[in-house]
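Participant: First to last, the protein sequences are chains A and B.
Take 560 as the starting number for the first sequence in our numbering and just add one per residue.
Take 2 as the starting number for the second sequence in our numbering and just add one per residue.
In short, the hints are calculated from the structure, not lab data.
Among the hints, erroneous ones may be present.
[To be verified] Some chain B residues well away from chain A (every beta-carbon gap over 12 Å; in silico): (1) Thr22; (2) Glu53; (3) Ser68.
[Stated by the list, open to error] Straight-line C-alpha distance at most 25 Å; calculated SDA-like pairs for lysine to any residue: (4) A/Lys948 / B/Pro24; (5) A/Lys948 / B/Ile67; (6) A/Lys948 / B/Pro17; (7) A/Lys948 / B/Ser36.
Here the structure is a predicted model, which means the values were calculated and not measured.
Yeah, the Cβ is synthetic: ideal placement off N, Cα and C, and Gly gets one too.
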Amino acid sequence: MSVSVERDQAFLDSIRRVADEVAAPNADEVDRDARFPSEAIEALRDEQALSAFIPTELGGGGLAFETIAAACFELGRRCGASAMIFAMHQIQVVTIVRHLEDADWFEGYLQAVAEEQRLVASVTSEVGTGGDMGRSVAAVTAADRGECTFEKQAPTVSYGENADDLFVTLRRSPDAEPSDQVVALARKEQIALEPAGTWDPLGMRGTCSPGYVVRATLAPEQILPTPFPRVSAESMVPVSHILWSHLWLGIATDAFDRARAFVRAAAKQKPGGPPPVAIRLSHLMSELSLLRAEVSSGLGEFVELSQEPGRERLSTMASALRFNNLKIAASEQAPRICQGALGVCGIMGFKNDTPFSVGRHLRDAMSACLMVANERIHQTNASLLLIAKDV
Amino acid sequence: MTDEIRKILTDHGRLPVDAGTLPADADLYQAGMTSHASVNVMLALEDHFDVEFPDRMLTRSVFESISSIEAALTELCGEAALP
Chain A
560 MSVSVERDQA FLDSIRRVAD EVAAPNADEV DRDARFPSEA IEALRDEQAL
610 SAFIPTELGG GGLAFETIAA ACFELGRRCG ASAMIFAMHQ IQVVTIVRHL
660 EDADWFEGYL QAVAEEQRLV ASVTSEVGTG GDMGRSVAAV TAADRGECTF
710 EKQAPTVSYG ENADDLFVTL RRSPDAEPSD QVVALARKEQ IALEPAGTWD
760 PLGMRGTCSP GYVVRATLAP EQILPTPFPR VSAESMVPVS HILWSHLWLG
810 IATDAFDRAR AFVRAAAKQK PGGPPPVAIR LSHLMSELSL LRAEVSSGLG
860 EFVELSQEPG RERLSTMASA LRFNNLKIAA SEQAPRICQG ALGVCGIMGF
910 KNDTPFSVGR HLRDAMSACL MVANERIHQT NASLLLIAKD V
Chain B
2 MTDEIRKILT DHGRLPVDAG TLPADADLYQ AGMTSHASVN VMLALEDHFD
52 VEFPDRMLTR SVFESISSIE AALTELCGEA ALP
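With the hints as constraints, model all of the structure from the sequences given.
Facilitator: Below, the structure is given as structure tokens:
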């Protein structure tokens, strides 16, 4: 076993400990009060988890992408909101690391993330784009002293209030077309957030994601040099879909585990053979194994394509379809499994205060199909299918 | 070939600018071509030149300018002309 694999294993052990000892005991309260899971995020900071993917030469953990994905799964088993916050932070960090291109400002920024365990949120969705991440209204606008500014109306900014910095998609300039985008990193002290809306949703309540009008003044070096379409195709979209899928699998896995615990308890009460509900559990296991297979093959293909020189195949339509399908499949399958677990546990699963409660799991998993709406993704896929060949 | 590509871009690219006068190396996406419009451009190019773009060519960089489209078509038509 190489040193790096040992380090990755040790990291995952620490993530499991945070998940079990910090995220799990607070998960119900975080959900009930729709409050930020500050204990879990602080515990992740203590483990240097926010810089786990940053290369060691920039002060980070230098861990593998697969390890980050596994961490999302582990956290998802204990608290969906904590896992989502961790995953969304990692999406921004992984994207910056993969598109650094020796940009000094961003190297310095990653060092700051590692030293200060800064939490990064993203501002990608925007009022007036119809949910299309490939278009922006807000634009980078020249300001005094060579700086630039922007103002963006964001319908949701996950953990915006609790984030240190924001990764924001924008039009390149005020006269650029909506699809001519760049992505910029604004630090907390450069940002003014004006709340625009409330936060009382069905699930993922701890992500605290109301809308804001985001205003910032920043230096031109804070715009990532790589054109956004490449950033999006090679990293942001596939990484989002993979990390989200892992945490949705985590949520579904815990719902299944609770259903299994319920069946075992029932079997112990009436010895003499599996209780009738055990058959439903077996059906549920088949559903879970489908989800597991899709999530794991999606990760494997991404890692393989990322290792190719130039990562060109990640920019093909076949790849776009592949990782869009991962998102659609996982976001539909995860709530289905949670609902199946509810069917197994019955009233004991329906109640919010039993060891077999799966209401939070179901509600959290139901957010999956909205995170970039599945119908919007189907619309893109339908168009790509007209021209892609080997899908 | 360039003129035919420009005609197809005018008919299917839904560009806010005139594809007839756009520089050959201008970025079509920056000029406002959406990904949906680009799919229609690809379909029209396949139809007009009687070629099929293989998956390796179905990337943004191949369709980002008139000259990159021309290079791809030359490669495909050249392949087809081989015995």
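Participant: Would you say B/Ser68 is clear of chain A, with no C-beta pair closer than or equal to 12 Å?
Facilitator: holds (18 Å)
Participant: Hey, A/Lys948 versus B/Pro17, does the alpha-carbon distance stay inside 25 Å?
Facilitator: violated (29 Å)
Participant: Given the proposed pairing of A/Lys948 with B/Pro24, does the C-alpha separation stay at or below 25 Å?
Facilitator: violated (30 Å)
Participant: Once the closest CB in chain A is found, is it more than 12 Å from B/Glu53?
Facilitator: It is violated; B/Glu53 is separated from chain A by about 7 Å at its closest Cβ, not greater than 12 Å.
Participant: Just want to verify: B/Thr22 was marked as not at the interface with chain A; is every Cβ pair farther apart than 12 Å?
Facilitator: About 17 Å separates B/Thr22 from the closest Cβ of chain A, which puts it past 12 Å; holds.
Participant: Does B/Ser36 lie within 25 Å of A/Lys948 when you go C-alpha to C-alpha?
Facilitator: holds (17 Å)
Participant: Between A/Lys948 and B/Ile67, does the CA-CA distance stay at or below 25 Å?
Facilitator: holds (22 Å)
Figure legend: structure checked against the earlier numbered hints; hints not met, in rising order: 2, 4 and 6.
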